[in-house]
Structures are given as C-alpha cells and as structure tokens.
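Peer 1: Next come the chains, spelled out residue by residue.
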Amino acid sequence: QKEVEQDPGPLSVPEGAIVSLNCTYSNSAFQYFMWYRQYSRKGPELLMYTYSSGNKEDGRFTAQVDKSSKYISLFIRDSQPSDSATYLCAMSFSGTYKYIFGTGTRLKVLA
Amino acid sequence: DSGVTQTPKHLITATGQRVTLRCSPRSGDLSVYWYQQSLDQGLQFLIQYYNGEERAKGNILERFSAQQFPDLHSELNLSSLELGDSALYFCASSVAGSSGNTIYFGEGSWLTVV
Numbered sequence: 094q095k096e097v098e099q100d101p102g103p104l105s106v107p108e109g110a111i112v113s114l115n116c117t118y119s120n121s122a123f124q125y126f127m128w129y130r131q132y133s134r135k136g137p138e139l140l141m142y143t144y145s146s147g148n149k150e151d152g153r154f155t156a157q158v159d160k161s162s163k164y165i166s167l168f169i170r171d172s173q174p175s176d177s178a179t180y181l182c183a184m185s186f187s188g189t190y191k192y193i194f195g196t197g198t199r200l201k202v203l204a
Numbered sequence: 082d083s084g085v086t087q088t089p090k091h092l093i094t095a096t097g098q099r100v101t102l103r104c105s106p107r108s109g110d111l112s113v114y115w116y117q118q119s120l121d122q123g124l125q126f127l128i129q130y131y132n133g134e135e136r137a138k139g140n141i142l143e144r145f146s147a148q149q150f151p152d153l154h155s156e157l158n159l160s161s162l163e164l165g166d167s168a169l170y171f172c173a174s175s176v177a178g179s180s181g182n183t184i185y186f187g188e189g190s191w192l193t194v195v
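Taken in sequence, the protein lines are chains A and B.
Its first residue numbered 94, the first sequence is counted upward by one per residue in the working numbering.
Its first residue numbered 82, the second sequence is counted upward by one per residue in the working numbering.
Source of the hints: derived by calculation from the structure; they are not laboratory data.
Keep in mind that this is a model prediction, so the values were computed, not measured.
Warning: the hint list may mix true and false statements.
[What the hints assert, rightly or not] Here are some, though not all, of the chain A residues that point toward chain B, as calculated from beta-carbon distances under 8 Å:
(1) 106
(2) 109
(3) 110
(4) 127
(5) 132
(6) 134
(7) 135
(8) 136
(9) 140
(10) 142
(11) 192
(12) 196
(13) 197
(14) 199
Idealized CB from N, CA, C, for every residue including glycine.
Here chain A stands alone, though its shape is the one from the complex (with noise of 0.2 Å):
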C-alpha cells in the first residue's frame, strides 16, 4: 500500500464548476500537508500549506485536513480554464526530512 493515495484522474469539469481533490494517506504521522499545481512540463508550484488538522482558505482555494479520517482535500471555487493542471498532494513528519507525493490528479476545465 502507497503511503499516499492520489486519485490520478482525468477530472473534467465546466468552468465556474466547484472543484474537489483528495488524498489519502496510511501514516498518521504526517503532520504537514501541502498542495502543488503543475502546469504540463514544468515545476510544481506551491498553492496550499496547513499544519495538522483543520481549513485554510486562499482565494479561490481551500484546503482541508481531517486527520482522523487520514483525508485531505483540496476545494477550488468558481474554476477557471486556467487551473488546468495537475494537483499533487504531498506530506511530511516531524523527524523526517522527506515529503511523500501523491501521483497527482489531472484537472481539465472546460470553457
């Protein structure tokens, strides 16, 4: 069993359609949780970052932690043509210096 589960996708949806990402993780260690956009062939790119378990909100962006259900999801609001791209999870743990990734879901939206 991956120690992080990432649904891989294709997800198409309608612009201005609600999003929603998940993860799935075995070790409940993992204490930081992270979200990455990546635009085909380039470098993931930072969008969400919470610690432990509860919500954050950046825009059009929200990210859930529930720990107890080892489950994190990612929300977009109002989705653009623009947030096409690959969203990947990634994970870490006090005393570690690894983060684990997801495979990451592929998100088309459709205009």
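Starting from the known structure of chain A, fit chain B onto it as the hints suggest.
Peer 2: Chain B only, in chain A's frame:
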C-alpha cells in the same frame, strides 16, 4: 518564478553516457532536494542536502550521485545512463532541513536518453 534555478532545461544524450544537472537554490535556502518525475509517475524523492551535508536518501540509484557545494548550489550526476533514466529531474529548496518548511521547485531539467 520560485527562485530555484536549474540548468540545463533540456538535454539529450546516449545510453552509457554521464550528465550533470545543476541547481541553485532560492536565496537564503540551505536545503536542496532532488526529485525524479517519469512519464505518468509521481515525484520520486532522490536525495536531500542541508548546508553541504547529505541529510536524507530516497530511491536514488547507485549510478546517481549528488553533492552540495559551499556556495549551496547542488549538482546531480547521472552516469551509465539507461533509456529508463529519461525523466524530468527537479531540484527544490527550503530554508531549513526540517519537515515543517515548505519546499519550492525549480522548472526542472528534461533528460532524454536515446
């Protein structure tokens, strides 16, 4: 622009050859990470350096090696290249070496082995 600089952006080389990928971290960042991303694969952690010293090792092949220099730039050396080594190689950096810090990625070096 993340502030992490990688060179070269693209390179094509033959099997059995050796290449060196270079990374300059963001100003002030002491930690450098190397990742490999193959087609349809996630980011695979290779190795991490902190202030010149190796801090963590991931799925790095013995044919690959890396180092971080006193000016904090890093190089990833790939030798005896095989077709399967074709991938995007990313460098990332963070302020410190601890897991609470976010890491920022460069644009990657696209390696094609023919």
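Peer 1: All the hints need checking, so say for each whether the structure fits it.
Peer 2: Hints and how they fare:
The criterion of a C-beta within 8 Å of any C-beta in chain B is not met by residue 106/A, whose closest approach is roughly 22 Å, and the hint is violated. Annotation: interface hint on residue 109/A violated; nearest CB of chain B at approximately 29 Å, more than 8 Å. Taken as an interface hint, residue 110/A does not check out: its beta carbon lies about 25 Å from the nearest beta carbon of chain B, beyond 8 Å. Given the 8 Å rule on beta carbons, the hint for residue 127/A holds: about 6 Å separates it from the nearest Cβ of chain B.
This hint is violated: residue 132/A has a C-beta 10 Å from the nearest C-beta of chain B, more than the 8 Å allowed. Satisfaction of the interface hint for residue 134/A is found here, the shortest Cβ-Cβ separation to chain B being roughly 7 Å, below the 8 Å cut-off. For residue 135/A, the interface hint holds, since its Cβ comes within 8 Å of a Cβ in chain B; the closest pair sits about 6 Å apart. For residue 136/A, the suggested interface contact is upheld, since its CB lies about 4 Å from the closest CB of chain B, less than 8 Å.
For residue 140/A, the suggested interface contact is broken, since its CB lies about 10 Å from the closest CB of chain B, more than 8 Å. The restraint placing residue 142/A at the interface with chain B holds, with a minimum CB-CB distance near 5 Å, inside the 8 Å limit. Interface restraint check for residue 192/A: the shortest CB-CB distance to chain B comes to about 6 Å, inside 8 Å, so the restraint holds. A distance limit of 8 Å between C-beta atoms decides the matter here; for residue 196/A the minimum to chain B is near 4 Å, and the interface restraint holds.
Here the hint on residue 197/A is kept, as its CB sits about 6 Å from the closest CB of chain B, short of 8 Å. Look at residue 199/A: its Cβ only gets to about 10 Å from chain B, farther than 8 Å, so that hint breaks.
Consistency note: the structure conflicts with the earlier hints numbered 1, 2, 3, 5, 9, 14.
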